[in-house]
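Enquirer: One-letter residues, chain by chain:
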Amino acid sequence: DVKVTQSSRYLVKRTGEKVFLECVQDMDHENMFWYRQDPGLGLRLIYFSYDVKMKEKGDIPEGYSVSREKKERFSLILESASTNQTSMYLCASSVGQVDQPQHFGDGTRLSIL
Amino acid sequence: SQQGEEDPQALSIQEGENATMNCSYKTSINNLQWYRQNSGRGLVHLILIRSNEREKHSGRLRVTLDTSKKSSSLLITASRAADTASYFCATDVTGNQFYFGTGTSLTVIP
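Chains as they are written, first to last, in the working numbering: chain A, 1 to 113; chain B, 1 to 110.
There's no promise every hint is true.
What the hints assert, rightly or not - Using 27 angstroms as the maximum straight-line C-alpha spacing, the simulated BS3-like pairs for lysine-lysine come out as follows:
#1 K70/A - K53/A
#2 K57/A - K18/A
#3 K55/A - K71/A
#4 K70/A - K57/A
#5 K57/A - K26/B
#6 K26/B - K55/A
Claimed, not checked - Ranges between beta-carbon positions, derived for each pair:
#7 M54/A - I109/B: 40 to 50 angstroms
#8 T5/A - A78/B: 26 to 36 angstroms
#9 S82/A - Q9/B: 20 to 30 angstroms
#10 E79/A - N18/B: 42 to 52 angstroms
#11 L61/B - D1/A: 12 to 22 angstroms
#12 S82/A - T20/B: 32 to 42 angstroms
Keep in mind the hints are simulated off the structure, nothing from the lab. Note that beta-carbon positions come from the ideal geometry of N, C-alpha and C, so glycine has one too.
Let the hints inform the model, and build the full structure from the sequences given.
Expert: This is the structure in structure tokens:
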């Protein structure tokens, strides 16, 4: 079974801090994704990557950056955390072919105080 | 936005009944997928239906796709309390990027 592991289930940070969210997948998937999930808004794509050192902006990239130095690891960075970035963050991975499902981690619930 | 929209937003049924939820989307798609999310957990893939398919089954799940109406439905037959979760449709437009709906919250009462 594919396993996508997010480093923290719960995280509390302060406004202005630089925050790192880590995601690791163990199935050699080419594609990796970061979403945020908010009540009434569903999942919104922040960034995705289809290869090492490659990244593409999703629908809401402002205030975020990403890093993919190794195939199995995809990091989401909040450059200067703000209270409106309090959310559930979900990482996913998929094989780099069409018609393939995404495999999700259990999420990180991030609170910015 | 290309985001899918699920309907209803919330659904409450008795154990053993069937549950039907619908998804509408705006643009042409490569495929449409349904996912389940238990409270506090990540999403789990349930079923994928390609744009040239009309119906697909997997166990107690039945998915239909009507590309002319840009809509899909997910039917869960003989529901169980363990089916209580949120259900999301996701449309694959580009081959890499999915657009998720806002979800249907299903409660199955024992």
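Enquirer: If a hint holds in the structure, say so; if it does not, say that too.
Expert: Status of each hint after checking the structure:
Distance restraint check for K70/A and K53/A: the Cα-Cα separation of roughly 8 angstroms lies within the 27 angstroms cut-off, and the hinted pair is therefore satisfied. Taking the CA atoms of K57/A and K18/A, the gap is near 20 angstroms; set against the 27 angstroms cutoff, the hint holds. This hinted pair checks out: K55/A and K71/A have alpha carbons roughly 12 angstroms apart, not beyond 27 angstroms. Our distance criterion of 27 angstroms between C-alpha atoms is met by K70/A and K57/A, whose separation comes to about 19 angstroms.
Distance hint between K57/A and K26/B is fulfilled; the C-alpha atoms sit about 21 angstroms from each other, no more than 27 angstroms. Distance restraint check for K26/B and K55/A: the Cα-Cα separation of roughly 26 angstroms lies within the 27 angstroms cut-off, and the hinted pair is therefore satisfied. For M54/A and I109/B, the Cβ-Cβ distance of about 47 angstroms falls inside the hinted range of 40 to 50 angstroms, so the restraint holds. The supplied range of 26 to 36 angstroms is met by T5/A and A78/B, whose beta-carbon atoms lie about 34 angstroms from each other.
For S82/A and Q9/B, the hinted distance range of 20 to 30 angstroms is satisfied, since their beta carbons lie about 28 angstroms from each other. At about 48 angstroms, the beta-carbon gap between E79/A and N18/B stays in the expected band of 42 to 52 angstroms. For the pair L61/B and D1/A, the beta carbons lie near 19 angstroms from each other, so the given range of 12 to 22 angstroms is met. Between S82/A and T20/B the CB atoms are about 40 angstroms apart, so this pair conforms to the stated range of 32 to 42 angstroms.
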